[in-house]
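Novice: With the working numbering, the residue at position 212 of the sequence shown is 204, and numbering never jumps.
Careful: at least some of the hints might be erroneous.
Unchecked claim - Listed below are the simulated SDA-like cross-link pairs for lysine to any residue, each with C-alpha atoms no more than 20 Å apart in a straight line: (1) K61 with K85; (2) K159 with I298; (3) K306 with Q161; (4) K309 with L2; (5) K330 with I44; (6) K309 with G160; (7) K159 with F273; (8) K64 with E96; (9) K144 with M214; (10) K308 with K64; (11) K85 with I262.
As the list claims (entries may be wrong) - If you anchor each label on the Cβ, the simulated ranges turn out as follows: (12) A122 with K204: 39 to 45 Å; (13) P217 with G333: 49 to 55 Å; (14) N(-1) with G160: 18 to 24 Å; (15) K61 with R241: 17 to 23 Å; (16) N51 with P240: 18 to 24 Å; (17) A287 with Q50: 50 to 56 Å; (18) E301 with E63: 34 to 40 Å.
Source of the hints: derived by calculation from the structure; they are not laboratory data. Note that beta-carbon positions come from the ideal geometry of N, C-alpha and C, so glycine has one too.
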Amino acid sequence: MPQFQANKLLEFCTSLIHGAGVPGEEAAIVADVLVDTSLEGLDTHGISRLPIYLTRIQNGRINAMPNIKVEKTAPALANVDGDNGLGQLVAVKSMQAAIDLAKEAGVGMVATKHSNHYGASSYYCKMASAEGMVGMAFTNTPSGIPPWGGRKPYFGTNPIAFGFPGKGQPVVIDMSSSIVARGNIILAAKEGKSIPEGWAIDSAGNTTTDAKAALDGAVLPMAGPKGYAMALAVEVMSGILSGSAYGPRVGWIYDDSTEPVNIGHSFVAINIDKLMPMDEFVNRMDNMVNEIKSAPKAAGVNEIFIPGERRTNKAKKRSQEGIPLNDQLLGELNKLAKEFGINELK
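Working from the sequences, and respecting the hints, build out all of it.
Specialist: Take a look at the structure:
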């Protein structure tokens, strides 16, 4: 696959998003989230999503110029109305609002409604870590997981993420409530590939390795009933608490509807300095990380990784070698570039 340097992709994606009608500064925010996500190797949640976002802006399903409103409701709380803007833009502004609250109150929590798919939760937790804070992010997604014992999807794959400042790099935990992110199945279906056994069931409730059948059926929760319980908790934190859509009411941008998807999020920032000196926290984190990495290894294991470490390693590698884009995605992006009068990516 052709590979492109991150700065070139950032410029290209910013131009594409701006070409679709998003103001320049806001287009750059969205592009940064997408490129950063692909840089870390999360290709299912990064640049690969850009064509559908831009198509939905073109047909009016996503608002290119949202009036995002932040309403402070208490010293440490705020509501955000995303006005159906691009999810990455709404999420960045929401986490920034949580960080601003935490600078004053010690903790900040924001509930966000009227948003869209926001990509990888890890990005927003890294925002908080960069400010010396613990970050947490929740979002609901279109129905994909059945309640435990059911065969029809109700909950989304509903990820939860944490970010903790550390020496050199933050410790970032980002996981979906499903056994695998639905984006992996979407990508497999798009590329005509099968999926591993145990990922999903078809519409009749039977296990399947057919990606398209899985999209008509349901993704299985991680850890059985535990994943189901986590999906429910994230649904409350992001959909119920924000006043946004929840369960099967959450829309899916890949279908033919013209209605807003109305995804909900919530974000938490905790100001570490209000609990202990930052140096003490970082040193304690570093000590824990070193202890974990020096723990006795199981047979066949060469290295114990800290959550988020492999993504950081991938980002370092792709910063040097470039970010790969498959021919189909590159063709879709260049087709949009031609429509917007932008130089194609070569």
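Novice: Now look at each hint and say whether the structure bears it out.
Specialist: Right, here's what the structure says about each hint:
no.	hint	verdict
1	K61 with K85	holds, 9 Å
2	K159 with I298	holds, 13 Å
3	K306 with Q161	holds, 13 Å
4	K309 with L2	holds, 17 Å
5	K330 with I44	holds, 16 Å
6	K309 with G160	holds, 17 Å
7	K159 with F273	holds, 10 Å
8	K64 with E96	holds, 13 Å
9	K144 with M214	holds, 16 Å
10	K308 with K64	violated, 38 Å
11	K85 with I262	holds, 17 Å
12	A122 with K204: 39 to 45 Å	holds, 40 Å
13	P217 with G333: 49 to 55 Å	holds, 53 Å
14	N(-1) with G160: 18 to 24 Å	holds, 23 Å
15	K61 with R241: 17 to 23 Å	holds, 22 Å
16	N51 with P240: 18 to 24 Å	holds, 22 Å
17	A287 with Q50: 50 to 56 Å	holds, 52 Å
18	E301 with E63: 34 to 40 Å	holds, 38 Å
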